[in-house]
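Asks: Next come the chains, spelled out residue by residue.
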Amino acid sequence: MNAKPPAIRCQNLVKIYEAGGQQVTALNGVDLDIAMGELMMLVGPSGCGKTTLISIIAGILDQTSGGCELFGENLLALRNKDKLLFRAENIGFVFQAYNLLPTLNAAENVSVPLIINGVKRAEAERRAKQILDKVGLGARTKALPAELSGGQQQRVAIARALIHDPRLIVCDEPTSALDHESGQKVMDILKAVALDHQRVLVIVTHDARIFNFADRIAEMDDGHILKVVNSAAKLK
Amino acid sequence: MKIKYLLPILASTGFIFATYTVISGSQPMPVAAAVVEPASAPFKAFIAGSGIIEAQSQNITVGTPLSGIASSVTVKVGDKVKAGQPLFYLDDREAKSAMAVKRADLAKAQAEVNVALANVNESQALSRLAEAVSDKRAISAEELLKRRNTVLVTKAQLDSAKAAVRQAEAGIADIQTTLDRMVVRAPVDGEVLQVNLRPGEFAQAGGLGTDLLILGNLEQLHIRVDIDENDAWRFDKNTKAVAYLRGNRDFKFDLQIAYVEPFVVPKKSLTGDSTERVDTRVLQALYRFDRKQSSVYVGQQMDVFIEAPEFATAHRAGNLTHTGG
Amino acid sequence: MNHIALKMLMGDKGKYLGIVMGLTFASLIMTQQPAIFVGLMARSYSFISDVGLPDIWVMDPKVQFIDDIKPMQDTELYRVRGISGVEWAMPLYKGMLKARLTDGTFQTCNVIGLDDTTLIGGPAVMLEGKLSDLRRSDGVIVDIDGAKDKLGKAAASPDGKNTPLKIGDSLELNDRRAIIVGIAKVTRTFQSQPVIYTTYSRAKAYAPRERRLLSFVVVKAKPGQNLDELTRRITATTGLAAYTQDGFKQLTYNYFLKNTGIPINFGITIALGFIVGTAIAGQTFYNFTLENLRQFGVLKAMGASNGTLLRMILLQAVLVGSIGYGMGVGIAALFGFLMRHTILAFKMPWQLLLFSGAGISLICIMAALISIMKVIRLEPAIVFKS
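Residue numbers (this note's numbering), protein chains in the order written: chain A, 1 to 236; chain B, 1 to 325; chain C, 1 to 386.
Honestly, the hints are just simulated from the structure, not real lab data.
Warning: the hint list may mix true and false statements.
[Unchecked claim] Some residues of chain C that are not near chain A, with every Cβ distance over 12 Å (derived):
#1 I4
#2 K7
#3 M10
#4 M96
#5 S192
#6 N226
#7 G247
#8 T269
#9 R294
#10 F337
#11 K374
[What the hints assert, rightly or not] Here's a subset of chain C near chain B, in silico, CB distances under 7 Å, partners left out:
#12 S84
#13 K94
#14 L97
#15 T117
#16 P123
#17 D133
#18 F256
#19 F335
#20 L338
#21 M339
#22 Q351
#23 L354
#24 F355
#25 G357
#26 A358
Ideal Cβ positions, reconstructed from N, Cα and C, are used throughout, including at glycine.
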């Protein structure tokens, strides 16, 4: 652990959803610090609040109370426009269902974050090809998502999350839909290509096969963090 | 990805075709030009009317004073005739034979004058003889008186015989007049427009269904213009007027007023159709024009424009005269 | 982002075609049906356009439309001629007369009597013969449609085609002989009766005996005349009704609009086309947006602003709108083109292109608006829900 201030600091985070007059507490006082260069996994049963927590960390959901600072910024205090800009520059997303645009080929899909950030199309696609090279798909840049296997699609998604060089990558169940081998490969790539000392990875998963890729693992239940351990073995 | 280009191309083609349809469809149907350009008035405000050409003298329907068989017709259509020139002759044999009788009567009357004259001379001689006898006993008073009376009687007989001569002469003059009347002569200088009489045909004196012979003076033609009674109040005979020949508006005639028919008549057909309906009355004005300008024919129709005051101003003027009156 | 929006749209060919076809259909109905309507209405005054040459039509004040003949006295012609500003004025007879054909059948015809001298108002397109042939005795000109069909000599067999009339054939009009001296092409009229052209005086002879026979006086204004002023002057001077050519067309047009059910019938068809088009195209487009909602969510999560997404949807709407519109009007025009030799009335003025364009725009704007509302209200957090 470094002495530097943490990349992400959550203090007493509370999120209450209101649905049909009923209040559902998704997060009930979460405290979590994540350091730069760290790969943090959030684990726990369904409905424990993992997704809510990364949504708030990624700035696409506002908390009900408590503080959440991302690289020293309090996203809640930012104006909508600045929040969008912050998100576009600093955050990459990897989803369980890949969420690639089905009508765009691999390179085009990867280039989307750059285009959102205002990079010219030709330049964006050139850089997309480089990144695809890095994730081992240099030969499939023209392929549509439907023509790729699940693991390949997820690698495209990782390339997309990486292309604009964000400081935070959030991954939601990146391996759940993949077989063991593909999952391992995806995690290998994530760890090898994505993670460096200038970046934080937060991965939500309950895929026990990949726990050993984590630097730290936070176990959650009922909107709380039960414990934070630094190796999978300590979870049991 | 062919569809990426195909649809926009189809759409553009469709739009261009629709635009073409719009443009070609908005072109109006061609309009038929007039076969001949219609005449138009050279005046700002005017009265328009149709006119028909007639001879200045109007058209003279020559009649015959006596009925009879035409023996010869000495003119034909188009002949120029002088006043007094014979046009046609009626059969005059009957009058001529009557003439011979009258002449014989005259000779007889003249002979009787001679007889009467001889008687006068004789009685005068006898009377002078008796007067010359100075001895009253040589001749009785009775005898003397008788001789004097004989002179008077024979003188009276001479007068009577002279009167008979004059009577016979008058008879001849009468027949001569009849003979003259059997020669129908031109009443004016003019042109023969129509001849409906041929030798051998019976020429009926009096009003006829057909005209025997039509004569007119074509040196100066008149044009009779019908002016609708609704426009008559705007008509001023001193304004300018022009006429255009139908069928070619290059034939333009300047008109001078001749006279205006004082009586407004029902409009007669000027379109030549016998079934023309009379539906209004018209004022007829007659204009002179020089026919030498070009060939026009009597009976031809023309479009006539007569300069007239603007409707509005004329209207006002009309009101003024009303109030003034 | 534009190319991404286009790829999103065109990538799914089935849906893309569906939207475009829906809009094409709507655009087709909104162009073709009004075109038939306009064509039909234009026929009501086609005779006025065909005569063309005169600027002003003078008629009895009670005349309601072109076929409503209320004859005037012949002398009215000269009264109109006498009005200042009138270049020329010509008589025009128009009436329905029965023609007796060689086989003894009767056919009601539209008889047009033209000024004897100038023949103003005659047909512009002579297929056979010349207009001036009307000067020949008993000469008439018939229109080609009439000559081929209604006036043609009956075929030997009941279902055979009539033998068309040709030059030299004769007809009987009111017991008077009429010799065909020419065949003309005229725009179809509303009633589509055969048209017979002849001279004014001959038309009067054909017409039944009436005191008044002058149907119209057609007037050409002197150059530079203000037509409206001249019509007012004619009316003031003669007490007759005077309309400019366009004014008379308008009068006729309005009469048909007011007194026939045509506008309502076509209005309903056009409205149905609009509704069906909106339903199909709007629905498909909205569905398309709904199905791509997750993609929009992803873009939103990745930092794309609402404005960007709005532009994307608008671009998609404009694209499908213009393609559907172009294809629709194209098919409508093609329809008109293919039908040009039939009895169908079809006329596409430029206003019609604007009309269907506006209709399609409305459909697209409505569809896009609903989609945009949905996307703007979208919470990016849905991207983590599987």
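Asks: For each hint, tell me whether it holds in the structure or not.
Replies: Verification of the hints:
1. I4: For I4 of chain C, whose nearest Cβ neighbour in chain A is about 7 Å away, the distance does not exceed 12 Å, so it is violated.
2. K7: With a cut-off of 12 Å, K7 of chain C comes too close to chain A, as the shortest Cβ separation is near 5 Å.
3. M10: violated, 7 Å
4. M96: For M96 of chain C, whose nearest Cβ neighbour in chain A is about 66 Å away, the distance exceeds 12 Å, so it holds.
5. S192: The claim stands: S192 of chain C keeps its Cβ more than 12 Å from every Cβ of chain A (closest is about 54 Å).
6. N226: About 61 Å separates N226 of chain C from the closest Cβ of chain A, which puts it past 12 Å; holds.
7. G247: holds, 58 Å
8. T269: Since the minimum Cβ distance to chain A is about 37 Å, T269 of chain C lies beyond 12 Å and the statement holds.
9. R294: Incorrect as stated: the minimum Cβ-Cβ distance to chain A is 7 Å, not above 12 Å.
10. F337: holds, 37 Å
11. K374: With a cut-off of 12 Å, K374 of chain C remains clear of chain A, as the shortest Cβ separation is near 18 Å.
12. S84: holds, 4 Å
13. K94: Since chain B brings no Cβ nearer than about 16 Å to K94 of chain C, farther than 7 Å, the hint is violated.
14. L97: Given a least distance of 16 Å, the restraint on L97 of chain C is violated.
15. T117: holds, 5 Å
16. P123: Since the shortest Cβ distance to chain B is 6 Å, the answer is holds.
17. D133: Result: violated, 10 Å to nearest chain B Cβ.
18. F256: violated, 19 Å
19. F335: violated, 10 Å
20. L338: Where the cut-off is 7 Å and the nearest Cβ of chain B is about 11 Å from L338 of chain C, the hint is violated.
21. M339: violated, 12 Å
22. Q351: At about 9 Å, which exceeds the 7 Å cut-off, the nearest Cβ of chain B leaves the hint on Q351 of chain C violated.
23. L354: It is violated, given that the least Cβ distance between L354 of chain C and chain B is near 10 Å, above 7 Å.
24. F355: Violated: closest Cβ of chain B sits about 12 Å from F355 of chain C, beyond 7 Å.
25. G357: Since chain B brings no Cβ nearer than about 10 Å to G357 of chain C, farther than 7 Å, the hint is violated.
26. A358: violated, 15 Å
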